[in-house]
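Student: Residue numbers for the sequence shown, in UniProt numbering: 1 to 247.
A portion of the hints provided could be inaccurate.
Claimed, not checked - Straight-line Cα separation of at most 16 Å, EDC-like style, residue types lysine to aspartate or glutamate; simulated pairs:
# : residue 1 : residue 2
1 : 81        : 145
2 : 134       : 24
3 : 62        : 24
4 : 77        : 182
5 : 77        : 145
What the hints assert, rightly or not - Here are the computed distance ranges between Cβ atoms for each label pair:
#  : residue 1 : residue 2 : range
6  : 167       : 74        : 42 to 50 Å
7  : 120       : 157       : 38 to 46 Å
8  : 143       : 8         : 31 to 39 Å
9  : 90        : 54        : 26 to 34 Å
10 : 22        : 116       : 19 to 27 Å
Hints are computed from structural coordinates only; laboratory data are not their basis. Heads up, the beta-carbon is just placed ideally off N, CA and C, and yes, glycines get one too.
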Amino acid sequence: MSSKIILEKMVEILQSESIQADKESLQAIAVKSTGSMRDALSTLEQVIAYSEDKIRYKNTVKVLGLIPVEIYFRIMKYLNKKDTNSMVNELKEIQTSGTPPSDFINGLDEHIRNLLIASQKGGINLLEVNEELKNQYQTETKDWDIRDLLRISDILEDLSVQLKQATQPDILIEMAFFKLLEMDSSLHLDELIQRINSSDLSGNQKKINTEIVKEKTNTAKPTYEVEEPEKTETSSNIKVKHEISET
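Construct the complete structure from the given sequences, taking the supplied hints into account.
Tutor: See below:
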């Protein structure tokens with residue numbers, strides 16, 4: 001069953017009971033139920049019992065055992081800044097919270113999906129979150145290249161499959177995040193490629209200039225050496241004739 005139908009049914013029940021709830025709570029319940037109306041309504045009852053005057057997201061995540069969206073924002077910041085120490089500490093806190101590893105990874109992948117949607121023109125209006133979260137998503141998209149978000153999502157999807165058979169899921173998650181922390185930015189790669197291309201062009205230009213110089217050298221005007229004429233006996237004969245005339 002689609003999340004939209006589940007959401008509509010929950011809204012109908014809450015309105016009949018005059019109970020208020022924020023959109024994020026209902027969305028979280030719908031996602032957690034994975035298409036089961038029975039599971040969604042059962043979870044809704046638990047959340048109502050736990051809440052007071054209104055169903056709030058912070059209470060809903062406690063009942064569902066979910067990770068607050070603020071943690072996902074922090075994780076993305078650590079990845080962007082390559083902050084290994086903060087990332088390791090955050091992962092340890094998540095592990096000790098008792099949240100199932102698969103729920104954590106799937107939640108982060110959903111967070112990245114929201115970032116991808118928010119990065120598109122008019123996409124922010126498609127997110128079923130409050131205005132405050134919309135602003136947060138819109139702000140964070142400025143720090144990311146879409147290609148990097150897609151690469152991270154691919155790694156998380158592979159990790160999600162591996163977790164189903166993992167005997168030590170926490171270690172598997174840590175290794176995946178070390179890989180993500182070492183991942184080069186697409187913008188950095190673009191700059192590197194541009195520098196390489198510029199270097200190649202510069203090298204080719206130098207080569208061309210060198211060939212031009214060689215060509216000019218080879219086509220320079222030739223020089224000629226003039227040899228002195230060999231002496232002949234004519235000069236001595238003239239001297240003898242001069243002496244005879246004087247006598």
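Student: Compare the structure with each hint and give your call.
Tutor: Hint check results:
{"no.": "1", "hint": "81 x 145", "result": "14 Å, holds"}
{"no.": "2", "hint": "134 x 24", "result": "12 Å, holds"}
{"no.": "3", "hint": "62 x 24", "result": "13 Å, holds"}
{"no.": "4", "hint": "77 x 182", "result": "14 Å, holds"}
{"no.": "5", "hint": "77 x 145", "result": "13 Å, holds"}
{"no.": "6", "hint": "167 x 74: 42 to 50 Å", "result": "28 Å, violated"}
{"no.": "7", "hint": "120 x 157: 38 to 46 Å", "result": "20 Å, violated"}
{"no.": "8", "hint": "143 x 8: 31 to 39 Å", "result": "35 Å, holds"}
{"no.": "9", "hint": "90 x 54: 26 to 34 Å", "result": "29 Å, holds"}
{"no.": "10", "hint": "22 x 116: 19 to 27 Å", "result": "24 Å, holds"}
Of the numbered hints listed earlier, those contradicted by the structure are 6, 7.
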